[in-house]
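Visitor: Those protein sequences? They're chains A and B, same order as listed. Residue numbers are given in this note's numbering: position 334 of the first sequence equals residue 354, and the series is strictly consecutive. Residue numbers are given in this note's numbering: position 62 of the second sequence equals residue 92, and the series is strictly consecutive.
To be clear, the hints were calculated from the coordinates, so they are not data collected in a lab. Hints may contain errors.
Going by beta-carbon spacing under 7 Å, a handful of chain A positions derived as facing chain B [said to hold, decoys possible]:
1. 141
2. 160
3. 161
4. 164
5. 168
6. 172
7. 173
8. 176
Over the 10 Å line for every Cβ pair with chain B, so calculated as not near, a few chain A residues [as the list claims (entries may be wrong)]:
9. 90
10. 231
11. 247
By construction, the Cβ of each residue, glycine as well, lies at the ideal position given by its N, Cα and C atoms.
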Amino acid sequence: MKGGQSPLVGLLDTLCPMHVLVDATGHIAHAGPTLFKLRAGRALIGIRFLELFELKRPRHDGTMASLRGLAGTKLHLQLREVPRTDVKGVLALMPEDASMGLPGGVIIDLSFGISVLDAIRDFGLTSADFAATDLTIEMLYLIEAKTAAMEASHMLNLRLQGAKIAAEEKAYTDTLTGLRNRRALENVLQRLVASEQDFALIHLDLDYFKAVNDTLGHAAGDHVLQQAAKQMLKEIRGDDVLARVGGDEFVLILARLTDAGRAHDIASRLIAQLEEPIPFNGKTCRISGSAGSALSCNYPQPGLDLARMMEDADIALYAAKEAGRGRHLTYGPEMRRAAPPPVARDDGSVAAAI
Amino acid sequence: MHGLINRAIERFVRDTYGRDTWGQLVARADIDFTEFESMLTYEDEVTEQVLEAAGTVLGKPREEVLEDIGTYLVSHPKVEALRRLLRFGGVDFTEFLHSLDDLPGRARLAVANLDMPDLELREHGSLSFSLICRSPKVGFGHVLIGLLRAMADDYGALVMLDHKGSKEGTEIIEVRLLAMEHTSGRRFELSAGAA
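Using the sequences provided together with the hints, build the complete structure.
Guide: Right under this line is the structure:
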């Protein structure tokens, strides 16, 4: 310090290793040891304090008088040079009577605040750079300890989530064919209805499946179901849902589809796929399929009457069977007059279940 | 016992002896899972079963297994996090020894339900200490010996450690500091990932 070292300086170096003594002209007369680390060997003593730091808040005009007016308030500063570290500080006035040296000067004590993690890395700080009473080291400990604990919790969450997804997959999958099951279908339908998205619903029954089962046995029947599922999956898009909802009964949900013609094309292609001969133990199994469909866009929304829509698809399926099997029909109101009540059907129909 | 402690035993066996050995150990311990979760709590007897099986499978007395676990926790590269957390305790080995009194508190700050043994350092001169370890579960003292030996290496200090036996849940470890700066030790940067 110009004009002899005040005993104050030694005390401050120990108690506040990041303090600055600024003289009446705004120049740095002395600085705590940690501040030198921010300069990487370049001059610190003798430069203007406000050349080193920008005082961002509170407002001031850069004069010593306005700086002295900020005594006791919290200062938000930023290092002018890269890495532009944010620093906070508090300023106290040196006595005017020169009893502690530097009359008209100020003491500013600085701290890194929340930027401390970056500052430690940028300036290679060690425990010795902080006052013994400073809680920074404890804070660093806590940050690392909490990060490690969070990481362990995060891993646990990931594993639990994985297990949950696997369990859900299992709960929503038909084990024989790998298609979605009735429960999954219910979920998908409820979601579509709740979000008021349009979709087509095709209800499909295998034809002649009972004959395969009766003549060639259950193993052949299971094989045919698996093959049928595989063939039908070839014809559907990624966000369509194909579910096996009964013995030889399937439901296909075609998302966003509002065109009866397209639904008919897809259903007809499914049926064509089903008619491909399926070899089993040297024999050939031949099946086909009948299908009926209904389109959500033909029903009043919101509050789509899902049961009604399923029943209509069911009626269309029945009409397709009546019309000679191996075909698809789109529901029309005239079918309702011709068809027997749906409850008369022997198998557990989807409409009855939902 | 907290999952972190069980997981530490598991990681020690897997990282030191391999997965197969851990598999044998699990089979012998007769527990119905193969991996501990760090953030769950397990019945105390599970830890007992695992430690007993470890002694048999590794062919070592229990005390030695526990000591090896302590050493592993500080010195194995896969568990660097714990070494770093312990190094926050002090800038040299003596300061670190004094920080052990706060260890249970520090552990609880990080993981609220992690119960560590109660530790008390008694200083008999600048180079001679006893560490009193109080815990309902006897054996922590042996883990501490392994851990202290590895931490001394880490700080570059040379120490003699002696387990003076246990009585009614209290274990006493004698620590004699032969040289504070025997080697240069390992570097410790405050900033994680800087080293």
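Visitor: A separate judgement is required for each hint: does it hold in the structure or not?
Guide: Consistency of the hints with the structure:
1. 141: Given a least distance of 4 Å, the restraint on residue 141 of chain A holds.
2. 160: holds, 6 Å
3. 161: Holds - the Cβ of residue 161 of chain A comes within 7 Å of chain B, reaching about 4 Å at its closest.
4. 164: holds, 6 Å
5. 168: holds, 5 Å
6. 172: holds, 4 Å
7. 173: holds, 5 Å
8. 176: Result: holds, 5 Å to nearest chain B Cβ.
9. 90: Holds, because the least Cβ-Cβ distance between residue 90 of chain A and chain B comes to about 31 Å, which exceeds 10 Å.
10. 231: holds, 48 Å
11. 247: Label holds. Min Cβ-Cβ 38 Å, cutoff 10 Å.
This entry satisfies every hint, going by the numbered hints stated previously.
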